[in-house]
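Enquirer: So the chains spell out like this:
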Amino acid sequence: MLLKADLHIHTVLSPCGDLDMSPVRIVEEAEKKGLDIIGITDHNTTRHCRLISELANDKGIFVMQGAEVTTKEEVHFLAFFENNDTLNKFQEFLDENLPEIMNDPSKFGYQVEVDRDEMIIYEEKKLLLNAIKKSISELEIFVHSLKGLFIPAHIDRKKNSIYSQLGFIPSDFNADALEISRANSPEVFKSLHPEVKGFSVVRNSDAHRLEDIGAASTMLQVEKPSFSEVFMAIKGLKGRKLITE
Amino acid sequence: MKITDIIQHLDLKVLSGQNGLSNEIKGGYVSDLLSDVMGNAKEGEIWITLQTHQNIIAVASLKDIAAIIIVKGADPEKDTIEKSNTENIPLLGTELDTFTIAGRLFELLKKE
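Quick note, the sequences are listed as chains B and X, same order.
Letter 82 of the first sequence, counting from 1, is numbered 82 in our numbering, and no numbers are missing.
Letter 89 of the second sequence, counting from 1, is numbered 89 in our numbering, and no numbers are missing.
If you are wondering where the hints come from, they were derived from the structure by calculation, not from laboratory data.
Wrong hints could be hidden among the right ones.
What the hints assert, rightly or not - Partner residues aside, some chain X positions facing chain B, computed with beta carbon under 7 Å: (1) 34; (2) 53; (3) 55; (4) 59.
The structure displayed is predicted, hence computed values, not measured ones.
For each residue, glycine too, the CB sits at the ideal point set by N, CA and C.
Throw the hints in and build the complete structure from the sequences for me.
Expert: Structure, rendered in structure tokens:
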């Protein structure tokens with residue numbers, strides 16, 4: 001089957017995420033946009049993934065649970081995990097490595113977790129926009145030790161991308177795919193950057209507002225919506241693949 | 001001025017790339033953005049940065065940078081050290097921050 005995925009969506013828990021980005025509304029919007037798979041990727045936290053996953057399951061939408069992590073080089077990476085056990089281990093890793101610098105909601109916005117009735121149940125005090133104390137390679141090794149997916153985010157952006165911070169993609173870079181922003185197409189990007197030829201390229205919305213959900217998406221040829229099927233499609237294994245639109 | 005003189009005057013620690021220590025320094029450059037260094041640093045300069053990723057060696061090699069000073073006591077990663085040794089580009093460490101070490105390097109090179 002061919003499934004439509006937008007793997008980069010922020011919730012109200014991200015300081016920059018719009019207050020409308022509650023789990024319930026994200027799932028409603030994803031349904032409206034005809035998405036089969038959504039990725040929940042708040043900055044340096046996974047706390048909203050489980051609820052969104054439950055709500056989405058009821059609507060037949062599969063959730064890739066993860067985070068958008070900022071490494072000490074200030075490069076953003078998407079990381080996704082298959083089950084609660086690995087997701088919890090990753091959350092512990094983020095809690096340990098995010099600096100003790102507190103958020104000022106008046107400057108950066110609120111960092112709140114809400115329940116299915118949109119009631120606030122938790123406020124993250126540490127500023128989630130900071131870089132964690134781990135390098136790119138340390139993050140890559142940890143994500144892969146938990147059998148997760150490791151994808152540099154919006155590599156075509158002039159801010160917080162592997163190109164903006166490191167100038168180029170390291171020769172022995174162990175990423176599962178590269179993400180480009182909605183401003184580019186994979187073909188154009190690959191023609192401008194022949195060095196990315198060997199990598200799968202995904203394109204996502206990086207939505208911070210409801211209307212942006214699904215503004216960019218990636219088509220996956222898979223047998224069913226599941227983590228392992230998405231994993232195989234991204235890696236191009238066993239006939240699963242990404243279909244460029 | 002040679003790198004060895006700079007190491008002595010600024011009390012730097014040699015982290016790797018010992019074979020490149022006889023290089024001559026023609027100036028300095030300060031930046032943490034590798035694309036900026038690629039665009040603007042000049043041959044023979046000593047580069048001050050807080051980045052420790054292996055790409056710093058590739059950029060230094062591309063631009064014929066004489067040596068790299070890593071600030072604030074940061075430890076370069078293992079593959080950065082290995083590449084520094086194979087490319088003979090010394091990695092020098094200081095506990096000082098960029099502002100302070102750049103100021104001292106500037107004063108030192110000005111005397112020449």
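Enquirer: Decide, hint by hint, whether the structure agrees.
Expert: Against the structure, the hints:
1. 34: 3 Å, holds
2. 53: Where the cut-off is 7 Å and the nearest Cβ of chain B is about 6 Å from residue 53 of chain X, the hint holds.
3. 55: Holds. Min distance 5 Å.
4. 59: With a closest approach of 6 Å, the residue 59 of chain X hint holds.
Going down the numbered hints, you'll see the structure goes against none, and every one checks out.
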